[in-house]
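This is what each chain is made of:
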Amino acid sequence: MSRDAMRELQGEKLKRIVRHAYENSPFYRTRFDEHGVHPDDIKSIDDITRLPFTIKKDLRDNYPFGLMAVPMSDIIRLHASSGTTGKPIVVGYTRQDLDNWSEAVARCFTAFGLGKSDLVQISYGYGLFTGGLGAHDGVQKIGATVIPTSSGNTQKQIQLMQDFGSTAIACTPSYALYMAETIRKMGIDARNLKLRIGIFGAEPWTAEMRRELQEQLGIKAYDIYGLTEISGPGVGGECECQNGTHIWEDLFYPEIIDPVTLQPVEPGQKGELVFTTLDKWGMPMIRYRTRDLTSLNYDICDCGRTCVRMGKILGRSDDMMIIRGVNVFPSQIESILLEFPEYEPYFLIEVDRVNNTDTFDIQVEVKPEFYTDQINLLVRLRQRLTSRIQSVVGIQPNIRIVQPGTIERSTGKAKRAIDHRKFE
Amino acid sequence: MLIRQISVFLENRQGMFAEIARLLGNNGINMKAFTVSETEDFGIARIIVERSQIDRAFNLIKSNSYAVTMNQVVYLECGNVPGAMADAMERLAAAGISVEYMYAFADSSSEYSRVIIRPDNIELANQIVQEL
Chain A
228 MSRDAMRELQ GEKLKRIVRH AYENSPFYRT RFDEHGVHPD DIKSIDDITR
278 LPFTIKKDLR DNYPFGLMAV PMSDIIRLHA SSGTTGKPIV VGYTRQDLDN
328 WSEAVARCFT AFGLGKSDLV QISYGYGLFT GGLGAHDGVQ KIGATVIPTS
378 SGNTQKQIQL MQDFGSTAIA CTPSYALYMA ETIRKMGIDA RNLKLRIGIF
428 GAEPWTAEMR RELQEQLGIK AYDIYGLTEI SGPGVGGECE CQNGTHIWED
478 LFYPEIIDPV TLQPVEPGQK GELVFTTLDK WGMPMIRYRT RDLTSLNYDI
528 CDCGRTCVRM GKILGRSDDM MIIRGVNVFP SQIESILLEF PEYEPYFLIE
578 VDRVNNTDTF DIQVEVKPEF YTDQINLLVR LRQRLTSRIQ SVVGIQPNIR
628 IVQPGTIERS TGKAKRAIDH RKFE
Chain B
103 MLIRQISVFL ENRQGMFAEI ARLLGNNGIN MKAFTVSETE DFGIARIIVE
153 RSQIDRAFNL IKSNSYAVTM NQVVYLECGN VPGAMADAME RLAAAGISVE
203 YMYAFADSSS EYSRVIIRPD NIELANQIVQ EL
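Residue numbers (the working numbering), protein chains in the order written: chain A, 228 to 651; chain B, 103 to 234.
Check the hints yourself; a few may be wrong.
Stretch by stretch, here's where chain B covers chain A in the computed footprint (C-beta under 8 Å, at least three residues) [stated by the list, open to error]:
| # | segment |
| --- | --- |
| 1 | 590-598 |
| 2 | 603-611 |
| 3 | 628-635 |
Some chain B residues close to chain A (C-beta under 8 Å, calculated; not the full set) [what the hints assert, rightly or not]:
| # | residue |
| --- | --- |
| 4 | Phe111 |
| 5 | Thr141 |
| 6 | Phe144 |
| 7 | Ser165 |
| 8 | Ser167 |
| 9 | Tyr168 |
| 10 | Gln174 |
| 11 | Glu192 |
Computed list of chain B residues with no C-beta within reach of chain A, every gap over 10 Å [stated by the list, open to error]:
| # | residue |
| --- | --- |
| 12 | Ile105 |
| 13 | Ser109 |
| 14 | Leu112 |
| 15 | Phe119 |
| 16 | Ala135 |
| 17 | Ile146 |
| 18 | Phe160 |
| 19 | Ala169 |
| 20 | Val170 |
| 21 | Tyr177 |
| 22 | Cys180 |
| 23 | Ser211 |
| 24 | Leu234 |
Read the hints as simulated data drawn from the structure, not as lab findings. We treat Cβ as the ideally placed atom computed from N, Cα and C, and that holds for glycine.
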């Protein structure tokens, strides 16, 4: 499809979805009215800049179903991801939405070179997380065979991979590296496995990790991009050129804005990625700020696809970190500490990657009156905090109790997280 | 006899106990005995100093921003002969006393071994130790 034809299509779809949102969602109606914009003002895709932004807080404030733009009877699936205060953000899909989502995932898989005769092992978690079921629906759409192992139990996964002859694996890139290591430890020669394609996403990864994965597992490793708010995995994916992530922009319209001025940047410049779902009816997202920093390349790709390519994710315009594939906000840790009278509200998160696994250390201080001579009380206190953080955030931290007064107290912009991982 | 003991929280980093020892040393305070208990994440140093110096030691450590507490423990002088410790521990056990932790230190100038005991029932344990 030519760029002009694409823009034409995007304009028509934008008009439809904006009118749908305005007429069926009190949230968007109020937001548009306050912003002085009406669906009649939207005549082409260029008019998208007249619309107000939507942010993650809007999803939290309207928890659980406040952003739905159809009756709940038309919603046939819910997914959720962790939010900043432990309250998840919830997304709802109509049958049409699920069809469009699986279409997007199917396009990624096709671009990776997968087809009917492939056996795709899905080691993303199944559940509220969009990774497992999103990839699952995509595999079914292309008519390949799903092996729904979900995450965990690595040795068994590898056994099945060997016995079933899985030709593709879908998981986080760091889990794939861990699998590669386990395969070696089990004394299996990866060259004897039938694996040929890796479908990796849900966390940033480096060219170095790609090289290692391709070498150790004897596969081509492809990036798949997505976020729960916009559907889930499959918003975009790489092609055989492995040179940028194609965004399926007839479904998800991407913009890059300056995160400070909120104005669009020149094509090709870096900035914050913003998505508008052009064909999502249950819970449309209009100009949703992803907080991911990247750039868009509109040059035609060597593969022949005309869909825009997104560059590497260069960072975040907020303080979110992705640790072991899970979104973590420092503010989550802060609000948990405030629940405990024994702890000071100060902390320092340190993240690193050791043996291909993310480490997640949190330094905390116990209030002076709660330091005690009794080790078991402190051990129990530490265990309670570990469990609480694990249940809210979804991954287990290594809590390090440090002596009083050692964590930086500077008001305002205290450095609350240090990420030692290298993604270049 | 009941005596006072200083407990210092040690975060898990190199040189932590050295700092405490140096602080006391520089201020002319000698450690008569100590023990360090550790968990996977942190440790606690329990320290005995001269009775006349303990308040100063405590304030010194506290004012240098370390987490420190002071508590009572039972001091036992136990004959430096085979079976003496067994006798003492059997008496405590018979009285239903549990020991949270204990540590011993020797003094070459004395015929006794000195033992520090942190029991659950400190008064009763002290009474028994006096009668030994």
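These are the hints, each one checked on the structure:
no. : hint    : in the structure
1   : 590-598 : holds (count 3)
2   : 603-611 : holds (count 3)
3   : 628-635 : holds (count 6)
4   : Phe111  : 5 Å, holds
5   : Thr141  : 6 Å, holds
6   : Phe144  : 5 Å, holds
7   : Ser165  : 12 Å, violated
8   : Ser167  : 5 Å, holds
9   : Tyr168  : 6 Å, holds
10  : Gln174  : 10 Å, violated
11  : Glu192  : 25 Å, violated
12  : Ile105  : 14 Å, holds
13  : Ser109  : 4 Å, violated
14  : Leu112  : 8 Å, violated
15  : Phe119  : 12 Å, holds
16  : Ala135  : 15 Å, holds
17  : Ile146  : 6 Å, violated
18  : Phe160  : 13 Å, holds
19  : Ala169  : 4 Å, violated
20  : Val170  : 8 Å, violated
21  : Tyr177  : 16 Å, holds
22  : Cys180  : 23 Å, holds
23  : Ser211  : 29 Å, holds
24  : Leu234  : 25 Å, holds
Hint check: violations occur at hints 7, 10, 11, 13, 14, 17, 19, 20; the rest are consistent with the structure.
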